[in-house]
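**Q** Below, each chain spelled out in residue letters.
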Amino acid sequence: MSADTPLQKEPESSQNPPVDGSELIRFDKVTKRFGSNVVLDNLDFSVDSGKHVTLIGPSGSGKTTILRLLMTLLKADEGTIKVNGDYLTHEEKNGKLVPAGEKHIREVRKNIGMVFQQFNLFPNMKVLRNLTEAPVTVLGMSKEAAEERARDLLELVGLTEHIDKYPTQLSGGQQQRVAIARALAMRPKVLLLDEVTSALDPELVAGVLDVLRDIARTTDITMLCVTHEMNFARDISDAVLMFDKGRVLESGPPEKIFGDPEHDRTREFLSAVL
Amino acid sequence: MNWDWQVVDDFMPRFWDGVLVTLQALAIGTLIAFALGLVWAMAQRSTLVWVRWPVIAFTEFIRNTPLLVQLFFLFYVVPNFGPSMSPLTTGIIGLGLHYSTYTAEVYRAGIDGVPAGQWEAATALSLSKGRTWRAVILPQAIRRVVPPLGNYVVAMLKDSPMIATIGAFDMLGEAQAFSNETFTTEAITVVGVAFIVIAYPASLLIRALERRLVR
Ligand SMILES: Nc1ncnc2c1ncn2[C@@H]1O[C@H](COP(=O)(O)OP(=O)(O)O)[C@@H](O)[C@H]1O
Ligand SMILES: [Mg+2]
Chain A
1 MSADTPLQKE PESSQNPPVD GSELIRFDKV TKRFGSNVVL DNLDFSVDSG KHVTLIGPSG
61 SGKTTILRLL MTLLKADEGT IKVNGDYLTH EEKNGKLVPA GEKHIREVRK NIGMVFQQFN
121 LFPNMKVLRN LTEAPVTVLG MSKEAAEERA RDLLELVGLT EHIDKYPTQL SGGQQQRVAI
181 ARALAMRPKV LLLDEVTSAL DPELVAGVLD VLRDIARTTD ITMLCVTHEM NFARDISDAV
241 LMFDKGRVLE SGPPEKIFGD PEHDRTREFL SAVL
Chain B
1 MNWDWQVVDD FMPRFWDGVL VTLQALAIGT LIAFALGLVW AMAQRSTLVW VRWPVIAFTE
61 FIRNTPLLVQ LFFLFYVVPN FGPSMSPLTT GIIGLGLHYS TYTAEVYRAG IDGVPAGQWE
121 AATALSLSKG RTWRAVILPQ AIRRVVPPLG NYVVAMLKDS PMIATIGAFD MLGEAQAFSN
181 ETFTTEAITV VGVAFIVIAY PASLLIRALE RRLVR
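Chain order of the listed sequences is A and B.
When you line the first sequence up against this note's numbering, it's residues 1 to 274, in that order.
When you line the second sequence up against this note's numbering, it's residues 1 to 215, in that order.
Incorrect hints may appear among the rest.
Straight line, CA to CA, 27 Å or less: simulated BS3-like cross-link-like pairs of lysine-lysine [to be verified]: (1) Lys189(A) to Lys143(A); (2) Lys29(A) to Lys75(A); (3) Lys158(B) to Lys126(A); (4) Lys129(B) to Lys143(A); (5) Lys129(B) to Lys75(A); (6) Lys96(A) to Lys110(A); (7) Lys129(B) to Lys82(A); (8) Lys129(B) to Lys103(A); (9) Lys110(A) to Lys126(A); (10) Lys129(B) to Lys189(A).
Bear in mind the hints are in silico, worked out from the structure with no lab data behind them.
Keep in mind the model is a prediction, meaning the values are calculated, not measured.
With the rest of the complex left out, here is chain A:
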């Protein structure tokens, strides 16, 4: 079953800043296969601007695939994805949808930032340059403006004193916080987070999650988050989507999904991870 839920913000999560509620991401009948393995099956879902949406579900259910499709690291076999009102990998020409050119894709993709499980910082650049490279060369910001923003962001993630270090001189948790700052430096409308704490030593997880909580609370950025940290998901999410076998099994506010899920499958999954 496909859930086509315009994930409404729950009134009780009032600590979040007001949002305009317009649709930022829409998957429309998206199918993705790897060979004969149908990973996403005719998937519909949407995320409203400013919302924090968490994807949960068993390993292999297609959560990473969704984020990678959005980041254009993968290409859908069927269906369309809209970001901020524009087709991500299609263009309308003479009333018909055709595959979009690289330029169009780049423009739409600028709305999206991503943080990876393995950080993927550029090891040949110091922390500062990791944060300024794209703003300067992609957005055309001046070096001074980009560096000032980089400093602000490093303060936000609590790493000001590491600005002149190389990534390998930092702990995993610090690297991941730099990676979060790097993604934010591009001022994306939506931040994709794929199990960003799974590669970390347990004692470093909290620091990264605190930074993300902070960002969720103080900015109006939209978040699409895959995580196994259920407490974190409960804290920050406006909506939780339970995935199973490439479909949305159920979705709703965290209190509902974690407290009183409709499906046994969800209950089983939650009891296994909690």
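Given the coordinates of chain A, work out where chain B with the ligands should sit on it, guided by the hints.
**A** Same frame as chain A, now just chain B with the ligands:
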């Protein structure tokens, strides 16, 4: 064995001519091999088949035929339909082209060694193709490629006497001609020592560079 310093002395003017040819061939040949090899390596990763395929075929062909044949082809066949060049120019181009197909493999391995996550991060930041190569991929590949590239410089030095066969007299070519004319052998020994004198510091330099880059 009689060693006659007078013979060595007589050989010196021609020796220096030969050294100049050897060093020119090595220096410019290296530049060509390093630059062209990178072009091949990047073209082999192109998404366009009509770029990728001919380059793969061409480099395989060059790598699997003898340098000597390529030198003869460039010197005797190419002028029939293309430019005709001096023996030294032809020799330098031949050496550079031949070794570019080996450096291409070195670059390819170095580029493949950069984790996929680096490409993905570059995409996620919308870095342009050119910027991704220049700022992210190549700086990380370089530390993997310097040691093997250095080895090919030394290999090219050792192959450089082949250009004498098309009339570009490097130091060995000069020594051989001199020895035949004077019925002496000192010149060959002098050149043998000269090869070591050039090659050894070169390997030391490469090793020093390697230590700096590969931490
Ligand atoms: N590059 C790939 N090639 C082939 N199969 C893949 C690839 N990436 C993912 N898959 C398959 O797609 C399915 C969904 O994977 P993924 O989206 O990573 O799931 P999740 O993130 O929910 O654990 C899995 O069965 C996985 O084996
Ligand atoms: Mg995953």
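**Q** Against this structure, judge whether each hint is valid.
**A** Status of each hint after checking the structure:
In summary, the hint linking Lys189(A) to Lys143(A) is supported, as the alpha carbons are separated by about 22 Å, within the 27 Å threshold. The suggested pairing of Lys29(A) with Lys75(A) holds, with an alpha-carbon distance near 14 Å, which does not exceed 27 Å. Under the criterion of a C-alpha separation no larger than 27 Å, the hint pairing Lys158(B) with Lys126(A) is inconsistent with the structure, at around 40 Å. Among the hinted pairs, Lys129(B) with Lys143(A) is consistent with the structure: their alpha-carbon atoms are about 21 Å apart, no more than 27 Å.
Under the criterion of a C-alpha separation no larger than 27 Å, the hint pairing Lys129(B) with Lys75(A) is consistent with the structure, at around 18 Å. Distance restraint check for Lys96(A) and Lys110(A): the Cα-Cα separation of roughly 24 Å lies within the 27 Å cut-off, and the hinted pair is therefore satisfied. Simply put, Lys129(B) and Lys82(A) have alpha-carbon atoms about 24 Å apart, close enough for the 27 Å limit, and the pair holds. The suggested pairing of Lys129(B) with Lys103(A) holds, with an alpha-carbon distance near 12 Å, which does not exceed 27 Å.
Restraint check for Lys110(A) and Lys126(A): satisfied, since their Cα atoms lie roughly 23 Å apart, inside the 27 Å limit. Straight-line distance between C-alpha atoms of Lys129(B) and Lys189(A) comes to about 23 Å, which keeps the hinted pair within the 27 Å bound.
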